[in-house]
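Protein chains: 2
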Amino acid sequence: MSAAPSRRTRVKRLPERGSYDRATIDAILDEGFVCHLGFVHDGYPVVIPTAYARSGDTIYVHGSAGSRMLRELAKEIEVCLTVTLVDGLVLARSAFHHSINYRSVVVFGRARLVEDQVERAAGFEAVVEHLVPGRWDDTRLPNEKELATTRLLALSLEEASAKVRSGPPVDDDEDYDLHHWAGVIPLQLTVQPPVPDPRQDGSVAAPRYVSSYRRPSQA
Amino acid sequence: MSAAPSRRTRVKRLPERGSYDRATIDAILDEGFVCHLGFVHDGYPVVIPTAYARSGDTIYVHGSAGSRMLRELAKEIEVCLTVTLVDGLVLARSAFHHSINYRSVVVFGRARLVEDQVERAAGFEAVVEHLVPGRWDDTRLPNEKELATTRLLALSLEEASAKVRSGPPVDDDEDYDLHHWAGVIPLQLTVQPPVPDPRQDGSVAAPRYVSSYRRPSQA
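If you read the sequences in order, they're chains A and B. Using this note's numbering, count along the first sequence one by one with no gaps and you end on 268. Using this note's numbering, count along the second sequence one by one with no gaps and you end on 268.
None of these hints come from the bench; they were simulated from the model. Check before you lean on any hint, since a few could be wrong.
Pairs involving identical chains hold if they fit within one copy or between any two copies, as the list cannot separate such chains.
[Stated by the list, open to error] Taking lysine to any residue pairs in the SDA-like style, the calculated list, with each CA pair at most 25 Å apart, reads:
| id | residue 1 | residue 2 |
| --- | --- | --- |
| 1 | K124 | Q166 |
| 2 | K194 | H228 |
| 3 | K124 | H90 |
| 4 | K124 | R56 |
| 5 | K194 | D222 |
| 6 | K124 | A197 |
| 7 | K194 | A123 |
| 8 | K194 | S113 |
| 9 | K124 | A171 |
| 10 | K194 | E223 |
| 11 | K194 | W230 |
If you're wondering where the values come from, they're calculated on a predicted model, not measured in any experiment.
Model the full assembly from the supplied sequences, consistent with the hints where possible.
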């Protein structure tokens with residue numbers, strides 16, 4: 050499956066880095082877990098980081114019913130949701146060609162306020178499971194009051210595009226003989242040993258989904 | 050120095066997490082190197098990841114004069130620039146209180162197109178030095194043509210705020226006796242060994258600023 054580029058999603062700058070292939074888009078969305086959600090409020094742009102999950106062709110974002118962001122987004126206004134993974138710093142021989150290796154997805158559309166109770170329950174589960182697979186069934190599930198104070202938004206992947214830069218630096222031909230070191234400093238989001246809540250006695254061992262936690266690409 | 054909260058920067062949701070202290074704001078901006086820049090284009094929001102650097106009270110962003118983003122931003126329109134650092138996944142006993150430890154900065158304002166040649170040169174240097182301190186003097190510096198095709202934008206830190214969540218999960222009192230593991234899975238952006246450009250022969254050793262590269266908080 051492939052999302053056809055719309056006027057908005059067509060990658061205009063360095064189009065050779067663009068992709069509308071859903072496998073590429075999905076892999077980036079599934080690796081990340083914080084998106085930057087942009088919307089227009091009182092005429093000016095607002096960009097807020099927030100957790101999300103992909104489920105099929107939909108991205109779910111949730112938050113407090115009292116938050117400014119959720120109140121605005123519940124009006125089903127236009128949003129732009131961007132997820133960026135940083136893979137490395139690209140050191141070219143020329144200052145001009147320095148770059149960053151990254152994978153990003155941009156999704157445009159109107160977020161839909163989810164009101165159906167079955168989809169709401171599935172959406173909340175998806176967000177927790179996207180952060181830590183296996184966790185949902187090992188928690189105290191949401192009660193009525195918590196559900197009532199939480200909003201769930203759904204954004205279709207219909208207008209999505211990916212942009213990827215990878216590999217070594219690209220210098221101008223005449224610069225390759227210069228004696229500056231060139232290459233990539235790779236960066237990786239790594240998992241450190243879990244830190245138990247100090248208010249929990251030692252009787253609860255870290256479950257396997259915690260002690261062996263990895264993001265998908267590192268699993 | 051402290052940026053007073055404006056109508057836009059006042060942290061409304063969970064205000065105890067908000068900060069207008071410049072030391073807090075600067076430390077986050079200096080640790081990160083990719084921002085998400087939001088602006089309004091044809092009435093809809095656009096959020097683009099891009100490199101940046103802080104220099105004193107100013108954030109610099111640069112890009113190709115041909116890019117959609119730079120063409121729009123050169124009109125000195127309102128932007129929202131957000132930098133987010135992810136520190137860990139917070140596993141509470143209740144699904145509802147799951148969270149992410151993070152540090153973020155949001156800056157509102159109108160980006161100014163830098164035309165003064167001295168400030169332009171300093172801004173380009175700041176962006177490269179922010180990515181890799183020590184690198185600028187070890188590159189082939191920009192030539193006339195490269196300078197002519199690059200735009201530099203400056204955004205004041207006047208309207209900036211930080212938001213930070215750290216530490217263990219916070220559960221409802223009655224949930225602390227539940228037998229679900231609770232704690233934090235820390236995450237860290239780590240530096241992997243440098244990968245030399247395959248087009249460079251082995252005669253250029255990686256300089257110290259590459260082989261011992263760290264982000265500021267890990268130095």
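Open item on the list: If you test the structure against every hint from before, which numbers come out violated?
Closed with: none
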